[in-house]
Amino acid sequence: MKVISIDKTEWANGIEKTKSIYRLFGPVKENTWHSFMPLGPGEQPDMAYGNSRLSPKFLVHPQTEPMFEYNLDEKQADHHVLKEIPKDVSPKAIIGIRPCDASAFLLVKRNFDTPTYKDPYWLTAYNSLTLIGYACNQPCSTCFCTTAGCGPFHEEGLDAILVDAGDRYLLKALTEKGEAYIQSAGWATSAPSDADQSIEKLKSTAEKAIASHVSTDKLRNQSTTQLYDAPFWEEIAFSCINCGTCTYSCPTCWCFDIQDENHGKCGVRMRNWDSCMYPLFSLHGTGHNPRGAKAHRVRQRFMHKLKYYVDKYDNGIQCVGCGRCIRLCPVNIDIRKVCNQMNSYDPAACVCPV
Amino acid sequence: MQNPYLPYPVKIDEIITETEDKNLKTFKFVFINPADEQKFAYRAGQFAELSVTGKGEIPIGIASSPTEKGFVKFTVNKVGLVSSFLHNMKVGDVMGIRGPLGNSYPWDVLEGKNVVIIGGGFAFTTLRSSIIYMLDPVNRPKFRDINVIYGARTPGMLLYRDELAAWERRDDIHMHITVDATTDPDWKYNVGFVPTITEKKAPQADSDTYAIICGPPIMIKFTQPVLDKMGYGHDHIIMSLENRMKCGIGMCGRCNVGKEFVCKDGPVFTLAQLNTMPKEY
Ligand SMILES: Cc1cc2nc3c(=O)[nH]c(=O)nc-3n(C[C@H](O)[C@H](O)[C@H](O)COP(=O)(O)OP(=O)(O)OC[C@H]3O[C@@H](n4cnc5c(N)ncnc54)[C@H](O)[C@@H]3O)c2cc1C
Ligand code: SF4
Ligand code: SF4
Ligand code: FES
Chain A
1441 MKVISIDKTE WANGIEKTKS IYRLFGPVKE NTWHSFMPLG PGEQPDMAYG
1491 NSRLSPKFLV HPQTEPMFEY NLDEKQADHH VLKEIPKDVS PKAIIGIRPC
1541 DASAFLLVKR NFDTPTYKDP YWLTAYNSLT LIGYACNQPC STCFCTTAGC
1591 GPFHEEGLDA ILVDAGDRYL LKALTEKGEA YIQSAGWATS APSDADQSIE
1641 KLKSTAEKAI ASHVSTDKLR NQSTTQLYDA PFWEEIAFSC INCGTCTYSC
1691 PTCWCFDIQD ENHGKCGVRM RNWDSCMYPL FSLHGTGHNP RGAKAHRVRQ
1741 RFMHKLKYYV DKYDNGIQCV GCGRCIRLCP VNIDIRKVCN QMNSYDPAAC
1791 VCPV
Chain B
296 MQNPYLPYPV KIDEIITETE DKNLKTFKFV FINPADEQKF AYRAGQFAEL
346 SVTGKGEIPI GIASSPTEKG FVKFTVNKVG LVSSFLHNMK VGDVMGIRGP
396 LGNSYPWDVL EGKNVVIIGG GFAFTTLRSS IIYMLDPVNR PKFRDINVIY
446 GARTPGMLLY RDELAAWERR DDIHMHITVD ATTDPDWKYN VGFVPTITEK
496 KAPQADSDTY AIICGPPIMI KFTQPVLDKM GYGHDHIIMS LENRMKCGIG
546 MCGRCNVGKE FVCKDGPVFT LAQLNTMPKE Y
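These protein sequences, in sequence, are chains A and B.
Add 1440 to the 1-based position in the first sequence for the numbering used here, that's all there is to it.
Add 295 to the 1-based position in the second sequence for the numbering used here, that's all there is to it.
None of these hints come from the bench; they were simulated from the model.
Treat the numbers as computed from the prediction; the structure is a model and nothing was measured.
Think of the CB as a built atom: it goes at the ideal place given N, C-alpha and C, for glycine as much as any other residue.
Keep in mind that the hints are not guaranteed to be accurate.
To be verified - Computed spacing ranges between beta-carbons, pair by pair:
id : chain 1 : residue 1 : chain 2 : residue 2 : range
1  : B       : Ala-460   : A       : Asp-1528  : 54 to 62 Å
2  : B       : Phe-380   : A       : Asn-1453  : 40 to 48 Å
3  : A       : Arg-1493  : B       : Asp-403   : 22 to 30 Å
4  : B       : Ala-336   : A       : Asp-1518  : 23 to 31 Å
5  : A       : Asn-1567  : B       : Lys-385   : 38 to 46 Å
6  : A       : Asp-1528  : B       : Pro-512   : 31 to 39 Å
7  : A       : His-1653  : B       : Asp-475   : 55 to 63 Å
8  : B       : Asp-523   : A       : Gly-1704  : 53 to 61 Å
9  : B       : Pro-512   : A       : Asp-1657  : 35 to 43 Å
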């Protein structure tokens, strides 16, 4: 699809216009960090940002979300019967989402959109979104997207991609949704003839700037039970404090809990983010816990992302290489290192001292 | 879009205390909207989420059989938050059922075969469903010999005692009921642990004989070597797993064993399948 050039002085105006149709979300600086926030009248996304501290996954999968409502008052009709809460299907757009975070939605979609069951909460929210991505000219040192099935200019999962070309923006529509958004902004649709070359040049510079990599080629052929029994899990998990920061900040983690919350005689059934890092996540009512030790839970996180997901969908690892878990882990546990360790694991070569 | 988290509203129709310690009760539910019964069409071995409004949901095996119409039955052990609350509910109370969930016993494979059912403790619920299903006059000709080995600690801890006695009197099913120990002089069945009785009473293995085992981990641990010794192939040993669950539809991420979700890809697996999976249950 075609690329348009936007004069930077025109940018804010166009964004402002789209607010009559879309509820907008974009990166906003709060103290030191950027977060995705609703953009009210006059508010603009901060396009000078690197990436947000927490991923924008909460715009599709909120940290806490009501599913049903009910009343427990036996005098009321329909007491104790769960009722669906109408969902917001109005159009929304995220401006400036990074390609990794957008492609993470596609990866998570495999979990929520299956032939047998469709998750109406996730899908309704996702379908109501238009994703206006923002290519990364200057990736961070912890980004390893290019070897995690993604990249700084990766287009898959986006409706349009915006490239900062110095004095102007280049904006490329990728889907009809993206076209519609661009239309609503009313930017002059001049199509510079050198746009494609400019983008290619910036893209190749950005890709070369990605300094860290993972190897994933052998994961598929590793035996699940041998990897599971590998001797390195205790060591990897040693310093982990099971804080859950890695899973909460990750755009590709989706696990959740379901809880009933009562207020007097009324209540809502909620769903809340959960984490495989917590012992309660898998604790049976009998007290038995199949992942009772810290090392079991750390192993679950990495095995899920780097082996079970790979085997289940045959579509790469459950990680887009955004590097958040690496930057935020208080004890410096590094998925790149673990991934390479799992990938190169050779059970035959592993002779443990007896 | 069909909401797979929305339970069918049901009313408690009957509550039966099953065991002498009163920790196990069978709940019979009827659907408030009669059309929901059709939508809840299930197979023996599946489970459902019992939704206690205001408390939460628990995954429970379906104890009634698809051949029993007009109601569904579940037998619930009193364990924690939701199951204890449910134990205090009354006939007429309204709650919800979500399902049916999970795969089931492999009825297509079992057709035309000998079936050996081995159960222990209160994990006999979906086995009851299976027995009632196979004994239905329409279905009985589809199966060959049916053997049932079922044990509990004491006679008073056996589930469905009236039905067990009725099955004992039939000649198209071989019952081997046992208890760990008893002081009851009128006890006329076996005394001994399930693995021991299995060794004595289970038919020899052949390619047309399948064993379904459900019970506490300790029973399974000691029964499996017995079946191995008798020559049962691991693809002829069928088990049902339990893991903590919430969604029941493979989405919330907690019940996995390797890449399989117990809720959606299970709960029923063959031992041959389990051998290739991490032992995380
Ligand atoms: C496929 C399947 C079939 C089952 N069939 C039966 C049955 O027929 N009869 C019976 O009495 N029990 C059965 N169980 C076990 C039963 O689900 C738990 O005993 C029950 O969830 C405990 O809930 P609670 O709220 O009373 O306990 P709490 O400890 O307060 O549990 C809180 C929550 O954790 C989850 N949870 C806790 N333990 C388990 C567990 N073992 N399995 C799954 N989720 C759990 C539930 O969501 C529960 O609401 C089955 C479990 C599974 C997975
Ligand atoms: S962020 Fe680090 S310390 Fe915290 S749970 Fe994850 S790996 Fe463990
Ligand atoms: S696992 Fe870490 S690097 Fe990969 S997507 Fe999640 S937060 Fe980003
Ligand atoms: S219970 Fe949610 S994935 Fe199985």
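Structure versus earlier hints, numbers of those that do not hold, lowest first: 2, 3, 6
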